[in-house]
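Chains A and B, in that order, are what the protein sequence lines are.
The opening position of the first sequence corresponds to residue 1 in the working numbering, with each subsequent residue numbered one higher.
The opening position of the second sequence corresponds to residue 1001 in the working numbering, with each subsequent residue numbered one higher.
Hints in this document: simulated from the structure, not taken from any laboratory.
All C-beta atoms, glycine included, are put in the ideal place defined by N, C-alpha and C.
Take the hints with a grain of salt, since some may be wrong.
To be verified - Residues from chain B that face chain A, not an exhaustive set, calculated with beta carbons under 8 Å:
1) N1026
2) D1028
3) Q1152
4) R1213
5) Y1222
6) E1223
7) A1230
8) L1232
9) T1234
10) L1236
11) V1243
12) A1443
Unchecked claim - Simulated crosslink set (DSSO-like; lysine-lysine; CA at most 30 Å straight-line):
13) K8/A x K1202/B
14) K8/A x K1197/B
15) K135/A x K1304/B
16) K133/A x K1291/B
17) K1304/B x K176/A
18) K25/A x K1217/B
19) K135/A x K1217/B
20) K135/A x K1202/B
21) K35/A x K1217/B
22) K1304/B x K140/A
23) K1197/B x K140/A
24) K31/A x K1217/B
25) K1304/B x K1020/B
26) K179/A x K1108/B
27) K1202/B x K176/A
28) K1301/B x K135/A
29) K1217/B x K37/A
30) K37/A x K179/A
31) K176/A x K1217/B
32) K8/A x K135/A
33) K1407/B x K135/A
34) K1202/B x K133/A
35) K1217/B x K134/A
36) K8/A x K1217/B
37) K8/A x K133/A
38) K1217/B x K34/A
39) K1291/B x K37/A
40) K140/A x K1202/B
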Amino acid sequence: MSNHVETKQLAGVLGYFDHDHALIKAMTQVKESKKFKHYDAFTPYPVHGLDAAQGLDRSPLPFVTFAAGMTGCTLGFLLQYWTSVVDWPLIVGGKPFNSWPAFVPVMFECTILFAGLATVGAMFLINGLPNHKKKIFDPKLTQDRFAILIEAPSHKEDESFNESKAAEFLKSIGAKDVKSVYAEGWF
Amino acid sequence: MATPTEFMTYTPEPLVTGGKTLADVNNDISAPLERFPTKKWWICFITAILAFLLGASLAAEMFMKGLGVLGLNQPNGWGVFIVNFVFWVGIGHAGTLISAILFLFRQKWRTAINRSAEAMTIFAVMTALLFPVIHTGRPWYAAFWLLPYPNQRHLWVNFRSPLLWDVFAVGTYFTISLVFWFVGLIPDIASVRDRSKHPVRKFIYTILSMGWRGSNKNWSHYEITYMILAGLSTPLVLSVHSVVSFDFATSLLPGWHTTIFPPYFVAGAIFSGFAMVVTLLVIAREMFNLKNYITLGHLEKMNKIIMATGLMVGYAYSCEFFIAWYSGSPFERFAFINRAFGPYWWAYWIMASCNVIIPQVFWFKKARTSIPIMFVVSLFVNIGMWFERFVIVVTSLHRDYLPSSWKYYVPTFYDWGITIGSFGWFFIWFLLFCRVLPVIAMAEVKSVMNDHSHGVDTHGGNSSKEAHAHE
C-alpha cells in the first residue's frame, strides 16, 4: 500500500460484475451469507430485481407524497376561502363568497405542486443529494460497469469487517475484479 | 429461420439497432456535447436569435405605443397572442404524455424520445407564458394581476376566473415538468461528468449531477420518485389543457360555450405536440447521428399516435357541429355555419384539411415509415393546429350578436413579428439544450437494451419475457 492510500479512510471493497444478472445473483449471495452489515451496489441504470436481492425495503416516499398532496389541497382551499370570504368578501358574478366549486381547479393544482415538490425534496434528502462528500469510485460505474461495495464500518471498533476477507468473499461469488476503495470528496 | 411458434408470438422490434453496447450509448449520445458546434448548428442558432430579436424589438415598441399596434379591434379583443399561447401550451403536452403516460403504460420505446420531448415541453411552456404576460400591455404589472400576493391595494385576484386557474395550472405544469425533467437528467449528467476531461466542464457537470453515484440504495428511492412524478404529471397534463379550454368554455359566447372543449383541447394538444416531436426528432437524429436510437420504429409509433389523436380531433369538429344544430339555438347554429362558410372559411378549411384529411396518409405503412412524408405531414399538423386555435378564437369573436359589432380581424406586422420571435425564443433554448445535455435518456435506454442482450434469441422474443419476470 502506498502512502497516498494510507492517508485516506477505507470506504470498503468493490467487486465488479459484467452483467446485471450476475450482479443480482451475487447480491443475493452477499445478503444470504449474513457476513456483512453494510453493502450496496453501483449500477449505470436501475436494475430491476436488485432491490429484492439486496433486501431493501420499499421506499417510504409515497407517504410523503400523500401527506404533501393533502397539505397542498387544504392550503389551496384556505387561500381561496380566506381571500374571498374573510379578507375581502366581494360578490363576483352573483356567486356566494364561498363558491367552492370554482375553487377546485386551484386546489387540484396546489395538490399536484406540493406533492411533486415534496416527493423530490424528500428523495434528495433520503439519498443525501446534493452529495459533495462521496466521490464516485470509478467513472465507468455510470457507463457500463456493475459493482458491489462491501462497506467498511466508520468506527474502527467494529471487528466484524476484514478487508481481505471481504475481497476474498467477493471473488468467491464471481467478481471479475476486486479493489479496495477509499472515501474521497468531489472537490 | 422462423419456427411456427415465432409466427404466433409477438416479437417486438429491437429498441436500439446497430448492435450497440452499453458504452456505445454513452459515446454516441454524449458525442454532440463534446465537440464544437457544427456550422449547421450555428446557422440555426443565429437564425433563432435574429428571429427572437425581431420579436423582442417589436414587443418593446408595442409596450411603448400600446396594444393599438396589434390587429385587435372591437369585438376582437383576443387575437394571435391568445392563439399562440394555446398553441405553445398544447405543443408541450406531448412531452408529458411521452414521459408520464407512456411510462405508466410501460411503453419502453418512450426511452429514446422522452428526454427531448420533455425539453420541448419546458421550452414550449416558457414560450407560451410570454404571451399572456405581454398581452397585458404592461408586463411589469403582470405579477399584480396574476398572482395572489398581499399588495398595497389590499385586493386579491379573482379565484372564480378561469384565467386565474390558468396561472396556477400552467405554473404548476411548468414547475413539475421542470422537476421531472431534472430528476430524469441526474444519472445522465453523472455519466457526462464521468467522461469529462476538462476540469471546468467536470466541475459544472458535477454540480448539475448533484454528486450522483448510481448507488442502488439511491436508485431504489429514485425509481419510486420517478414513478410518482409520472403519476402526478398524468392528471396534471390533462388538467392543464382542460383549464386552458375553460378560458373559452366558461364564457357565454356561441362557439366557445361547449362542454366538449376540455377533452377536445387535450386531444388536440397531444396531436400538435406529437407533430412537433416528429418535426424536431427527424432533424435531430439526422444532425446528431442518432438513427440507431431513434429508429424508424419509434417514429412509426409516433405517427400512429398522430393519426389516432387526429381522428379524435376530427370527431370533435363534427360533434361540435352536430351539437350546434341539435341545440336548436339560432346563435349556436349561426356561429358554426359562419365558422365554416363565413368570412374566415379559409382558416376553417386549412384547419380541417391539415388536421383531419392529411394525417389519413398514415393508414399506409409506407407513409408512416417514410421520413420525408412524415416530416411534411408533421409540419402540416403544426400549421393546422395553429389554425384550429385561430378558428376558435377569431371566428367566435368577430361576429357578435349585433351586426354593428361585426368586424374582420387582420393581424398586423407586430402580431406576426412577435409570433416569429416566439419561435426564435423556443429554438434558442432547444438548440442550447442539444449542445449541453444528453438528448436521449442514456440510463433508461441502457435499461431497455438489456432486455435484448441476455435472452435465448438476440431479437428479443424470449428475453423480453425474461425481463418481465424480473419486474
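Checklist entry - Tell me, which hint numbers fail for this structure? => result Failing hints, ascending: 2, 3, 7, 9, 15, 16, 17, 22, 26, 28, 33 and 39.
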